[in-house]
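Trainee: Sequence:
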Amino acid sequence: MSAGRRPHGADRGGPISETRSRLEPERTRAMADTQQRTTEMGGVKELVILVGVLLTVIAGAIGTYWVRSKGVEAAPESSAVAVRPSGETTRPRAMVPAPPAGVFHADVYFDFKSTRLRADAARVLQETTGLVDLANAWVVLVQGYADRQGPAEYNRTLAQRRAQAVKQFLVELGVPETAIKVVTLGQDGALCDDPGKECQELNRRVHLEFHKLAAAAPGAPAVARASASDRSQVDSTSPAGDR
173 MSAGRRPHGA DRGGPISETR SRLEPERTRA MADTQQRTTE MGGVKELVIL
223 VGVLLTVIAG AIGTYWVRSK GVEAAPESSA VAVRPSGETT RPRAMVPAPP
273 AGVFHADVYF DFKSTRLRAD AARVLQETTG LVDLANAWVV LVQGYADRQG
323 PAEYNRTLAQ RRAQAVKQFL VELGVPETAI KVVTLGQDGA LCDDPGKECQ
373 ELNRRVHLEF HKLAAAAPGA PAVARASASD RSQVDSTSPA GDR
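So for the sequence shown, our numbering puts the first residue at 173; every next one is plus one.
For the record, the hints were derived by calculation from the structure and aren't laboratory data.
Owing to the predicted nature of the structure, the values given are computational and were not obtained by experimental measurement.
Don't take each hint at face value.
As the list claims (entries may be wrong) - Simulated restraints, written as ranges between beta carbons of each label pair: (1) 368 x 221: 52 to 62 Å; (2) 348 x 369: 36 to 46 Å; (3) 348 x 283: 23 to 33 Å; (4) 363 x 286: 15 to 25 Å.
To be verified - The calculated EDC-like cross-link candidates involving lysine to aspartate or glutamate, where the alpha carbons are at most 20 Å apart (straight line), are: (5) 369 x 283; (6) 285 x 360; (7) 384 x 283; (8) 285 x 373.
Each residue gets a CB set at the ideal place from its N, CA and C atoms; glycine is no exception.
The task is simple: from the sequences and hints, build the whole structure.
Mentor: This is the structure we're talking about:
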């Protein structure tokens with residue numbers, strides 16, 4: 173090896189190495205800056221999403237409050253809302269009459285196609301006769317009705333059997349049979365013409381009118397109200413086939 177020749181690799185890439193050495197920190201800083209910007213952008217995006225969610229929640233709360241406040245303002249101060257229990261039945265209840273004056277009324281209801289007295293109907297009849305002084309002269313007008321479902325003649329027979337069932341129960345309670353008059357109206361005397369279930373239930377009833385006779389002999393029947401048309405039928409005996 174000659175004295176003026178440098179060792180192999182002693183100056184390899186001298187200027188280039190120096191340039192690389194100078195650029196390396198700058199490249200490192202640039203990469204760090206890029207990573208920092210990326211992180212900051214990701215944080216900004218998350219912040220924007222969070223702000224949007226918060227604004228949505230606040231807007232919903234404000235809207236709900238506004239609707240509720242408007243509903244409260246629109247409701248009358250004296251109004252009361254009756255809430256029906258979820259398990260309560262919707263069928264009509266038998267009406268308990270007021271204490272007797274000269275005449276008073278009661279209603280009992282029947283199930284669909286049924287002539288059998290329900291428990292609530294029997295209870296009303298018992299309470300009703302308890303209000304009547306059987307020592308005095310009374311006449312009871314028993315009116316049988318039916319709904320509009322089915323043939324008219326069938327409904328008339330059904331209404332008559334219902335009225336007779338009520339009459340028989342009154343007799344068992346001590347009401348003189350001669351004081352009870354039965355009127356069959358069937359579907360012609362329907363209270364409600366709507367085909368809905370609740371409306372038809374109101375038509376399956378027997379209406380009772382108790383009349384106190386002022387100066388009549390005990391047991392003397394009063395003249396029952398009857399229509400001039402053939403729609404009303406007065407019958408004081410049990411129909412054939414009534415069981």
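Trainee: Next step is simple, just say for each hint if it's right about the structure.
Mentor: To see whether the hints hold, each was checked on the structure:
no.: 1; hint: 368 x 221: 52 to 62 Å; result: holds, 53 Å
no.: 2; hint: 348 x 369: 36 to 46 Å; result: holds, 38 Å
no.: 3; hint: 348 x 283: 23 to 33 Å; result: holds, 29 Å
no.: 4; hint: 363 x 286: 15 to 25 Å; result: holds, 18 Å
no.: 5; hint: 369 x 283; result: holds, 11 Å
no.: 6; hint: 285 x 360; result: holds, 16 Å
no.: 7; hint: 384 x 283; result: violated, 31 Å
no.: 8; hint: 285 x 373; result: holds, 11 Å
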